[in-house]
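Student: Protein sequences, first through last, are from chains A and B.
End of the first sequence = 261 in our numbering, gap-free, step of one.
End of the second sequence = 354 in our numbering, gap-free, step of one.
Everything labelled a hint here was simulated from the structure, so no lab data went into it.
Among the hints, erroneous ones may be present.
[Unchecked claim] Now the in silico label distances, taken between C-beta atoms and shown as ranges:
#, chain 1, residue 1, chain 2, residue 2, range
1, A, Glu227, B, Thr263, 50 to 60 Å
2, A, Gln119, B, Leu25, 31 to 41 Å
3, A, Gln181, B, Leu151, 56 to 66 Å
4, B, Thr169, A, Pro38, 25 to 35 Å
[Unchecked claim] To give an idea of the chain B side of the interface with chain A (calculated C-beta under 10 Å), a few residues:
#, residue
5, Arg76
6, Pro80
7, Leu228
8, Val232
9, Asn238
10, Ile239
11, Leu242
12, Gly243
13, Glu245
14, Gly251
15, Val252
16, His288
17, Thr289
18, Glu328
For glycine and all other residues, C-beta sits at the position ideal for the given N, C-alpha and C.
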Amino acid sequence: MTNSLVVQNLSFAYGEWPVIKNVNLSVKGGEILGIIGPNGSGKSTLLKLISRVLVPDQGRVFINGEDVSLWSRRRLARTLAVVPQDNQIQFDFTAGEIVDMGRSPYLGRFQAMSSRDRQAVKVAMRATGTTTLAERSVMELSGGERQRVIIARALAQEPQVLLLDEPTASLDINHEVEIFQLLRHLTARRQLVTIAVLHDLNLAAEYCDNLLLLSAGAVTAWGTVEEVLTSSNISSVYGLDVAIYENRVTGRPHVQPLPRN
Amino acid sequence: MVNLGNTSVTGRSQRWVLTLVTLGLLLVIVMAIAAATGPAQIRAVDVAKMLIQRLPGVSTPQQENWPASHSVIVFRVRLPRIILAAMVGGGLAMAGATYQGLLQNPMADPYIIGISAGASLGAAVGVILRGRFAFFGLSTITLMAFGGALLTAFVVYNIARIGGRVPITTLLLAGVAVSALLSAVVSFLMVSASQSLHEIVYWMMGSLSGRGWAHVRASLPYLAIGGLVVLVYARELNIMLLGEETAENLGVNVELTKVVLLTAGSLMAAAAVSVSGIIGFVGLIIPHTVRLLTGPDHRILLPTTALVGAIFLVVADTIARTILAPAELPVGIITALAGAPFFLYLLRRQQGKS
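Next up, chain A with everything else stripped away, as it sits in the complex:
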């Protein structure tokens, strides 16, 4: 069975202030959906609603056809993993210990990790190239290394859905490319449903299959990269004139903001 995630009529308000308005989307296994939009458009909130850190006022989220609001937190954690935006870890855990924590939704209260759990950790670390970091303190790792460790922790959950909130926001361009190539590879290989909130439109254009453009909590455009990244869409949402042309090296659209006159 192919994995799928469907969001139906999702709405959410902080008090009286609507943040997400009637959002619909669906993602298939093996596909990366990029959520783009200006600051405050509700990108991170949408991600938190899907992961049920926030509970929607209206609407449903289905994973493989099942309504996740009926699931326990632990069951959700065995199906859906999140790579959060801010991954500063202030405590002196080793990278191996951090990845081990990805197995906690599988462990009973008095249960130690089994060889099956260790195998999942091993596979996750190998897939992210973090095996050699296992004994290092996470506080000593570089930003790129730490992010790969966090992705390894998410993979150790053996999820079918992977959510990422600006996974490369604080990284150098070499690490950015490295992380996104890893995500492409993992998404295809494991048929993951991958959803990433992205700030950088060109990064989204390079690595996502589909895009969802949010504006003030509502969907302005949803479709392939070419369908969403049009100069009229971008200029209406961001209030900025842009030129969009094909990147001659990669063949993907490239967004060039134009100076205002």
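Given chain A, put chain B in place with the hints provided.
Tutor: Quick look at chain B alone, frame taken from chain A:
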């Protein structure tokens, strides 16, 4: 890689067991030495023999070559106090480690959500009322302090609760504000009932003077249950260190974990404070010191902290009752005098490394 292979995980478990066994033995030795220390000259060997004789199922044909009064001093006076010191020290240190992990705040100690202020107010009212009622050998002051501590923790928790969630920052601030309010009331009571001033101040400094088996029996259930609950939640505490959202995404029921751990920590702290007054620094410094040695993993941090806290307070209380004998110092003075410089030393050394 190495830590994932079976050999090294076993290695870690072996190291943990070794640490705990060593500290457990050290605690027993320190307690025996403490039992042999005091104005009456009793040899440590005799203390050991007395203890072995009392063990169930042991009937030694040995001669008792010590005066009967020594046996009374050890069993009625010194031993209950030493055991209580170990329990209070262990309980405070463990509650401190729990709060520091849960609140992700290095300044957190067992008193931070108002336990000490609430207990002080309860104790002060108990002193002033000259309460005549006693319960299973516990004074009014002890009972009022326990009630005051728990009630305060409960009130602070509910003030901080907004729509089913308890944000950590709100909890800390509510604790600080309620503590300030209650401390003001205690100060007012001390000024207006000046004949009780000395007794209240002495209680607030923290002391184990004159405590007996009744106090051990009364506080043991709360300390034991609180301690067990916290140990059972050690894995959740580790995950909570990564932040509440991440913990939720890893399947932890964050709000439930908070309630359980705050309740367990408050019970331990309230039980400790009500039998010993406000002994500062143990709950703040011992967890930090131990964390530098064991790392942040609560599965080893919590039990190690309990043992080190127990050892520390037994030693401190022995000093408190012997250094100016026959007068006694409040043990809270010793813990701060000894603990603060040592902690500052560790802090400087740690800063130097990074």
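Student: Indicate, hint by hint, whether the structure satisfies it.
Tutor: Structure-based check of each hint:
A hinted range of 50 to 60 Å for the beta carbons of Glu227 of chain A and Thr263 of chain B is consistent with their spacing of about 54 Å. At about 38 Å, the CB distance of Gln119 of chain A to Leu25 of chain B agrees with the hint of 31 to 41 Å. For Gln181 of chain A paired with Leu151 of chain B, a C-beta distance near 58 Å keeps the hint of 56 to 66 Å intact. At about 28 Å, the CB distance of Thr169 of chain B to Pro38 of chain A agrees with the hint of 25 to 35 Å.
Taking 10 Å as the C-beta contact cut-off toward chain A, the hint placing Arg76 of chain B at the interface is violated, the least distance being around 40 Å. Interface hint at Pro80 of chain B: violated, since its Cβ lies 34 Å from the closest Cβ of chain A, which is beyond the 10 Å cut-off. Below 10 Å, beta-carbon pairs count as interface contacts, and Leu228 of chain B has none with chain A, the closest being about 12 Å; its hint is therefore violated. The closest approach between the C-beta of Val232 of chain B and any C-beta of chain A is roughly 7 Å, which is under the 10 Å cut-off, so the hint is satisfied.
With a cut of 10 Å, the hint placing Asn238 of chain B at the interface with chain A holds, because the nearest CB-to-CB distance is about 7 Å. At about 6 Å, the closest approach between the beta carbon of Ile239 of chain B and any beta carbon in chain A falls short of 10 Å, and the interface hint on this residue holds. For Leu242 of chain B, the interface hint holds, the least distance from its beta-carbon to any beta-carbon of chain A being 6 Å, beneath 10 Å. For Gly243 of chain B, the interface hint holds, the least distance from its beta-carbon to any beta-carbon of chain A being 7 Å, beneath 10 Å.
Given hint, Glu245 of chain B at the interface with chain A, holds; its Cβ is 5 Å from that chain's nearest Cβ, closer than 10 Å. For the restraint placing Gly251 of chain B at the interface with chain A, the shortest Cβ-Cβ distance is roughly 3 Å, inside the 10 Å limit, so the hint holds. At about 7 Å, the closest approach between the beta carbon of Val252 of chain B and any beta carbon in chain A falls short of 10 Å, and the interface hint on this residue holds. For His288 of chain B, the interface hint is violated, the least distance from its beta-carbon to any beta-carbon of chain A being 12 Å, above 10 Å.
With a least beta-carbon distance of about 14 Å to chain A, the hint placing Thr289 of chain B at the interface is violated under the 10 Å criterion. Because the smallest distance between the Cβ of Glu328 of chain B and any Cβ of chain A comes to about 40 Å, over 10 Å, the interface hint for this residue is violated.
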